[in-house]
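Build out the structure end to end from the sequences listed, making use of the hints.
Residues per chain, in single letters:
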Amino acid sequence: MLDPRGGRFAATLTSTVLVLVLVTGSGWLALAQAAGFAVTASWPRFGPYALLYRWLVAPRLRPPTEREPAAPVRFAQLVGLTFTLPAAAALLAGWLVPGMVFAALALAAAFLNAAFGLCLGCELYLAMRRLRGRPLPARMPAG
Amino acid sequence: MTAVAGLAVAVAVLAMATGVGWWRRQRDGRVKVLPSPPAAGEAADPSTTVDQRQLLADLGVIGGTRVTLLQFSSAFCAPCRATRITCARLAAEIDGLRHVEVDADSQLPAVRALRVWRTPTVFVVDAADRLTARLTGQPTRAQLVEAIAPLVGAGEER
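As given, the protein sequences belong to chains Y and U, one line each in that order.
Heads up: the first sequence runs through residues 1 to 143, numbered per the working numbering.
Heads up: the second sequence runs through residues 1 to 158, numbered per the working numbering.
Hints may be right or wrong, so weigh each one.
Said to hold, decoys possible - Which chain U residues stay away from chain Y? Per the calculated CB distances, all over 10 Å, these:
{"hint": "1", "residue": "L34"}
{"hint": "2", "residue": "P79"}
{"hint": "3", "residue": "V100"}
{"hint": "4", "residue": "D126"}
{"hint": "5", "residue": "R130"}
As the list claims (entries may be wrong) - Derived contacts from chain Y toward chain U, CB cut-off under 10 Å, selection only:
{"hint": "6", "residue": "L20"}
{"hint": "7", "residue": "L22"}
{"hint": "8", "residue": "W28"}
{"hint": "9", "residue": "L31"}
{"hint": "10", "residue": "V39"}
{"hint": "11", "residue": "R60"}
{"hint": "12", "residue": "L61"}
{"hint": "13", "residue": "A71"}
{"hint": "14", "residue": "P72"}
{"hint": "15", "residue": "V101"}
{"hint": "16", "residue": "L105"}
{"hint": "17", "residue": "A115"}
{"hint": "18", "residue": "L120"}
{"hint": "19", "residue": "R130"}
Stated by the list, open to error - Cβ-Cβ distance ranges computed for the label pairs, FRET-style:
{"hint": "20", "chain 1": "U", "residue 1": "T18", "chain 2": "Y", "residue 2": "A35", "range": "20 to 30 Å"}
{"hint": "21", "chain 1": "Y", "residue 1": "P64", "chain 2": "U", "residue 2": "A57", "range": "32 to 42 Å"}
{"hint": "22", "chain 1": "U", "residue 1": "W22", "chain 2": "Y", "residue 2": "R5", "range": "17 to 27 Å"}
{"hint": "23", "chain 1": "Y", "residue 1": "W28", "chain 2": "U", "residue 2": "G60", "range": "43 to 53 Å"}
{"hint": "24", "chain 1": "Y", "residue 1": "T16", "chain 2": "U", "residue 2": "V4", "range": "17 to 27 Å"}
{"hint": "25", "chain 1": "U", "residue 1": "A82", "chain 2": "Y", "residue 2": "V57", "range": "21 to 31 Å"}
{"hint": "26", "chain 1": "Y", "residue 1": "P64", "chain 2": "U", "residue 2": "G19", "range": "24 to 34 Å"}
{"hint": "27", "chain 1": "Y", "residue 1": "F46", "chain 2": "U", "residue 2": "A8", "range": "13 to 23 Å"}
{"hint": "28", "chain 1": "Y", "residue 1": "P48", "chain 2": "U", "residue 2": "A82", "range": "20 to 30 Å"}
{"hint": "29", "chain 1": "U", "residue 1": "A149", "chain 2": "Y", "residue 2": "P59", "range": "54 to 64 Å"}
{"hint": "30", "chain 1": "Y", "residue 1": "L92", "chain 2": "U", "residue 2": "A5", "range": "17 to 27 Å"}
{"hint": "31", "chain 1": "U", "residue 1": "A113", "chain 2": "Y", "residue 2": "W28", "range": "27 to 37 Å"}
If you are wondering where the hints come from, they were derived from the structure by calculation, not from laboratory data.
Cβ coordinates follow ideal geometry from the N, Cα and C atoms, glycine included.
Laid out in C-alpha cells, this is it:
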C-alpha cells in the first residue's frame, strides 16, 4: 500500500520532465523518463521519483492518513511507458513530429494525474474492454 | 525554433488537459436522475422489464430490497475503492439499503446493456428493480444521499 502523495509528487516531476522533453526535443531525456516508468511499474517503492520522495519530501510531511493499493499506480506507469518509449525512440531516430506527439500524450496523462488525481485506468480500461469485448474472469483485487 | 514549437505544444497540452480535468471534476459523482418507466396501464414493453430484472438479479441485486446501490468497478481503480467505502458506510447506517459491487470487466454484457463507460458508476435501484439514478465517477456521501433520498425519506438513519 502506497502513500498517494508520493504518486502525485512523481506525476508532477514526470510532467516537468516531459515539458522539458518537448522543449528540448531530447530523446535521451525521454528514454530516461521511460526507464523511470519501467522501474516504478516493476517496483513501485523503488522508482526514482519514489526514492526521491521518501528521501526528501516524506520526512517533512505527517504520516499518510490513507494509502492506496499498488495496482492502479503500476498500471498508470505502464500507460506512461506506452507513450514515452515510442517518444524516445522517435526522437532518437530524428523523427521530431511523432516524437513530440507521443511526448505530448504522455504529458497530458501525467499532468491529469498530478493536477487532478485523475485515474486513467478508470477512464481508459473499461472503454477498451468494452470495445475489445471478450469477457475475462473477475480480476478485482480483494479488499 | 524547435524549442519554441515544443514549448507551444507543452502549453497547449497543459491548457487542454486543465480543461478536461476541470470538466471531469465538475461532473464526477453528479446525480443523474433516470426517467421513470411508463406507469402501469400505459403501453410498455414487458420483455425489457423482465430482461432488466434478470440482469440485475444476475449481478446480485436482491429483488424487493428497498434501495440497492449497484456499483460497477474495475481493477486499477482507486476511486472505485473509495466509492466502495462510502457506499458501504451508508449501507451500514440506513435500514433497507444494500450495496452491491460488480466487476465491470467480468460483466461486459451488463456493462453494455446499462451503458457503463467509466468506473466507478453507481446505479440506484428501487424495490421494483427500476433504475432511478446513476452517478458516474467517485461520488461524495452527500451526492449518494441526494440520489437515494426519493426512496428513503428523511430520518431513516439508524
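These are the hints, each one checked on the structure:
The claim that L34 of chain U is not at the interface with chain Y holds, since no C-beta of that chain comes within 10 Å of its own (minimum 20 Å). Residue-level check failed: P79 of chain U sits 5 Å from the nearest beta carbon of chain Y, not beyond 10 Å. With a least beta-carbon separation of about 13 Å from chain Y, V100 of chain U lies farther than 10 Å from that chain, consistent with its non-interface assignment. Taking the minimum C-beta to C-beta distance to chain Y, about 25 Å, the non-interface status of D126 of chain U holds against the 10 Å cut.
Here R130 of chain U stays apart from chain Y, with its beta-carbon at least about 24 Å from theirs, past the 10 Å limit. Taken as an interface hint, L20 of chain Y checks out: its beta carbon lies about 9 Å from the nearest beta carbon of chain U, inside 10 Å. The beta carbon of L22 of chain Y is positioned within 10 Å of a beta carbon in chain U (closest approach about 4 Å), and the interface hint is therefore held. The criterion of a C-beta within 10 Å of any C-beta in chain U is not met by W28 of chain Y, whose closest approach is roughly 15 Å, and the hint is violated.
For L31 of chain Y, the shortest C-beta to C-beta distance to chain U is roughly 17 Å, which exceeds 10 Å, and the interface hint is violated. Taking 10 Å as the C-beta contact cut-off toward chain U, the hint placing V39 of chain Y at the interface is violated, the least distance being around 19 Å. This hint is violated: R60 of chain Y has a C-beta 24 Å from the nearest C-beta of chain U, more than the 10 Å allowed. For L61 of chain Y, the shortest C-beta to C-beta distance to chain U is roughly 19 Å, which exceeds 10 Å, and the interface hint is violated.
Hint status for A71 of chain Y: holds, given a least beta-carbon distance of 5 Å to chain U, under 10 Å. The interface hint given for P72 of chain Y holds, since its Cβ lies 4 Å from the closest Cβ of chain U, which is under the 10 Å cut-off. Annotation: interface hint on V101 of chain Y holds; nearest CB of chain U at approximately 9 Å, less than 10 Å. A hinted interface residue such as L105 of chain Y counts as satisfied when its beta carbon comes closer than 10 Å to some beta carbon of chain U; here the least separation is about 8 Å, so the hint holds.
Below 10 Å, beta-carbon pairs count as interface contacts, and A115 of chain Y has one with chain U at about 6 Å; its hint therefore holds. Interface hint status for L120 of chain Y: upheld, as the beta-carbon distance to the closest one in chain U is roughly 9 Å, under 10 Å. Against a cut-off of 10 Å between C-beta atoms, the interface hint on R130 of chain Y holds, since the closest Cβ of chain U lies about 6 Å away. About 28 Å separates the C-beta atoms of T18 of chain U and A35 of chain Y, a value consistent with the hinted range of 20 to 30 Å.
Judged by the Cβ atoms, the range 32 to 42 Å given for P64 of chain Y and A57 of chain U holds: they are separated by roughly 40 Å. In this structure, W22 of chain U and R5 of chain Y meet the distance hint of 17 to 27 Å, their C-beta atoms being roughly 21 Å apart. A hinted range of 43 to 53 Å holds for the C-beta pair W28 of chain Y and G60 of chain U, which are about 52 Å apart. In this structure the supplied range 17 to 27 Å holds for T16 of chain Y paired with V4 of chain U, their Cβ-Cβ distance being about 19 Å.
Between A82 of chain U and V57 of chain Y the beta carbons are some 23 Å apart, a value that agrees with the proposed interval 21 to 31 Å. Between P64 of chain Y and G19 of chain U, the C-beta spacing of about 30 Å keeps the proposed range 24 to 34 Å intact. Distance hint check for F46 of chain Y and A8 of chain U: the Cβ-Cβ separation is about 36 Å, which falls outside the suggested range of 13 to 23 Å. Distance hint check for P48 of chain Y and A82 of chain U: the Cβ-Cβ separation is about 28 Å, which falls inside the suggested range of 20 to 30 Å.
Between A149 of chain U and P59 of chain Y the beta carbons are some 46 Å apart, a value that contradicts the proposed interval 54 to 64 Å. Distance hint for L92 of chain Y and A5 of chain U: a CB-CB separation of about 18 Å, consistent with the stated range 17 to 27 Å. Judged by the Cβ atoms, the range 27 to 37 Å given for A113 of chain U and W28 of chain Y is violated: they are separated by roughly 49 Å.
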